[in-house]
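Trainee: What follows is each chain in one-letter form.
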Amino acid sequence: MQLAQQEQAAVAPPDLSAKQSWRSVKSLIMTGLMVASVAAVALPLVAVVSAVLRRGLAVVAHDFPGFFVNEIPNIARRPGGGMGPAVLGTLMVTGAATLIAVPLGVLGAVYLHEYGVKNHFSRLVRFMSTVMSGVPSIVMGLFIYIVWTLHFGYSAFGGSLALACLMLPVVIGSTEQMLKLVPHHLREASYALGSSKSRTILTVVLPAALPGIVSGSLLAVARAAGETAPLLFAVGAANEYNPHLFEEANTALSVQIFGNATSSFVAAQDRAWGAALTLVLVTFLVTLAARVFTARIARKR
Amino acid sequence: MELDLRGSKAYADRAFRWSAAAAAGLVLVVLGLIAITITGRSTPVFRQMGVQFFTTTRWSPADALFGALPFVWGTAFTALIALAIAVPISLGMALFMTQVAPPRVKRPMVYLMDLLAGVPSVVFGLWGVLVLSQLFGLGRSFMTAGIILAIMIIPIITSLSREVIETTPPGDKEGALALGCTRWEMIRAAVIPHSAGGLVGAIMLGLGRAMGETIAAALVIGSALGQITIHPFAPGNSMPAVIANEWGEADALHKSALIALAVTLFIITIVVNLFATTIVQRSMKKAQGL
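Protein chains in written order, with my numbering: chain E, 1 to 301; chain U, 1 to 290.
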């Protein structure tokens with residue numbers, strides 16, 4: 001029995017834990033810092049979202065659903081009123097931007113991936129499109145002001161042009177990623193049946209990539225709906241309903257938030273919070289739609 | 001009999017090809033047009049001020065004096081504060097998601113990042129001006145703007161860093177662990193050296209975003225004129241914030257000065273983005289062994 005114990009002691013591995021301790025403590029500290037950085041990200045997000053929910057809900061619930069349809073008061077200190085014209089404006093500006101940017105972006109990505117994968121032109125376009133996605137939105141707004149608003153005046157459509165410029169590189173990038181996922185044998189099968197290249201792209205490749213393209217585009221739409229700076233120059237500032245896409249100044253939720261945020265009147269600040277809640281809801285719904293589409297592809301594969 | 005593959009369909013085919021090429025070329029056209037039009041519109045102020053636009057500090061539209069130096073400084077200063085806050089947090093987050101978190105924990109982290117990236121900048125601005133600036137005596141200042149910008153650029157730096165870090169060959173990591181490295185030593189020995197280049201690129205892209213961000217900065221920076229200071233709690237101004245705040249009541253020459261600020265901003269962000277994109281692409285290619 002004693003012998004067995006001695007043997008065990010001899011075989012047991014040398015204890016290294018004392019020497020290792022500082023190294024493993026350091027590793028633990030670093031892991032702790034990484035966890036802390038997660039908290040540092042979550043904290044402001046929770047703070048922002050809870051502030052928008054709390055203060056926005058108080059405003060919206062006070063007059064529900066009137067807040068989403070009523071006109072914006074022209075006198076800032078007057079309480080009440082709603083964000084109806086801004087909701088309509090945001091939908092019009094973003095909708096028209098989507099109609100411009102998504103077809104062009106998808107077509108551009110089709111060229112990059114289906115026709116000119118490796119030629120110089122598409123390399124240049126791919127590179128410049130990454131660069132273009134970094135152009136500050138305010139520069140885009142001034143650009144549209146110079147080429148459109150100076151000649152045709154304020155309109156919702158001017159804002160759409162600016163947002164379309166911002167969306168274009170995003171749509172190109174995400175669509176090209178989705179086209180890469182379409183298996184090659186689908187294209188070959190279509191060619192073997194005698195289809196031309198354009199027919200193959202339109203009837204085989206694009207339908208196969210459709211869910212991914214839709215979800216990528218929806219994320220770009222959600223981004224664009226929250227943009228403010230380009231709209232300041234192109235859309236103007238109105239407080240009334242304006243259903244005309246090409247005529248007269250319009251407004252949008254983001255522009256209203258910007259205008260009311262620095263107001264010293266509580267009524268205006270309240271409207272800003274209400275508009276912020278509305279805008280967050282709009283972007284959230286669009287993002288959710290994108291998630292559903294993405295989940296659908298994931299299930300298919 | 002020979003099969004005719006070049007019927008009328010061939011024209012449709014070629015037309016489709018060319019329209020696709022035109023759509024792709026639109027990117028180049030728009031970028032070129034931006035450069036030409038905004039530079040053209042900014043000439044009046046450069047004719048008036050010359051190089052002094054960049055070297056003097058007095059910005060007084062009423063006297064037709066436009067010295068943009070304080071705003072250039074403000075843009076750089078807020079962007080640096082934002083980077084100082086965002087870089088450690090983003091890298092920590094990226095390392096946590098790639099090296100520490102099990103897949104079950106990783107998924108909600110990805111959602112967290114998507115949510116943060118999805119909040120419109122004007123909403124951050126609203127929160128910054130009505131909530132954050134009331135806390136800790138921050139006021140409207142360089143610091144408040146820096147914090148808000150940091151929150152806004154964390155998602156992009158984190159997601160790019162993650163992509164770069166994930167290209168570390170598992171063999172390198174396993175080798176380090178097999179030699180007895182702790183997790184942190186493994187990260188220092190295998191992960192960081194491998195992805196250093198790409199991380200620099202990711203940080204530079206974040207810098208580009210921070211400098212161009214307009215609305216949140218315009219709301220919280222304080223709109224002080226002529227301040228060149230390293231005091232982070234002083235109110236200041238940045239190029240995009242000046243454009244957004246002064247555009248409404250600007251006359252022709254003043255508008256031209258604001259467009260000149262946009263030109264400056266455009267050039268700076270383009271240069272930063274060109275560098276960053278090149279660095280990221282190169283390191284990704286190297287990682288894939290191409």
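Hint data in this document are derived by calculation from the structure and do not stem from the laboratory. Mixed in with the good hints, there may be bad ones.
In silico lysine-lysine, DSS-like type, Cα no more than 27 Å apart, as pairs [to be verified]:
no. : chain 1 : residue 1 : chain 2 : residue 2
1   : U       : Lys286    : E       : Lys118
2   : E       : Lys118    : E       : Lys180
3   : U       : Lys106    : E       : Lys26
4   : E       : Lys197    : E       : Lys180
5   : E       : Lys26     : U       : Lys286
6   : E       : Lys26     : E       : Lys118
7   : U       : Lys285    : E       : Lys180
8   : U       : Lys285    : E       : Lys118
9   : U       : Lys106    : U       : Lys255
10  : U       : Lys286    : U       : Lys173
11  : U       : Lys285    : U       : Lys106
12  : U       : Lys173    : U       : Lys255
13  : E       : Lys197    : U       : Lys286
14  : U       : Lys255    : E       : Lys180
This one's a predicted model, so the numbers in the text were calculated from it and none came from an experiment.
Trainee: Each hint should be assessed against the structure and marked as holding or not.
Mentor: Hint-by-hint comparison with the structure:
1. This hinted pair checks out: Lys286 of chain U and Lys118 of chain E have alpha carbons roughly 18 Å apart, not beyond 27 Å.
2. Under the criterion of a C-alpha separation no larger than 27 Å, the hint pairing Lys118 of chain E with Lys180 of chain E is consistent with the structure, at around 13 Å.
3. Distance check on the hinted pair: Lys106 of chain U and Lys26 of chain E sit about 23 Å apart at the alpha-carbon level, within 27 Å; holds.
4. At roughly 16 Å between alpha-carbon atoms, Lys197 of chain E and Lys180 of chain E fall within 27 Å of each other, so this suggested pair holds.
5. Proximity of Lys26 of chain E to Lys286 of chain U is assessed by CA-CA distance (about 31 Å); at most 27 Å being required, the pair is judged violated.
6. Restraint check: the Cα-Cα separation between Lys26 of chain E and Lys118 of chain E comes to about 47 Å, which exceeds 27 Å; the hinted pair is violated.
7. A C-alpha spacing of about 17 Å is found between Lys285 of chain U and Lys180 of chain E, which places the hinted pair at or below 27 Å, so the restraint holds.
8. The suggested pairing of Lys285 of chain U with Lys118 of chain E holds, with an alpha-carbon distance near 15 Å, which does not exceed 27 Å.
9. Between Lys106 of chain U and Lys255 of chain U the CA atoms are separated by roughly 48 Å; this puts the pair beyond 27 Å, and the hint is violated.
10. Note on Lys286 of chain U and Lys173 of chain U: the hinted pairing holds, with a Cα-Cα distance of about 17 Å set against a maximum of 27 Å.
11. With a C-alpha separation of about 26 Å, the suggested pairing of Lys285 of chain U with Lys106 of chain U holds against the 27 Å cut-off.
12. A C-alpha spacing of about 56 Å is found between Lys173 of chain U and Lys255 of chain U, which places the hinted pair above 27 Å, so the restraint is violated.
13. Proximity of Lys197 of chain E to Lys286 of chain U is assessed by CA-CA distance (about 33 Å); at most 27 Å being required, the pair is judged violated.
14. The suggested pairing of Lys255 of chain U with Lys180 of chain E is violated, with an alpha-carbon distance near 45 Å, which exceeds 27 Å.
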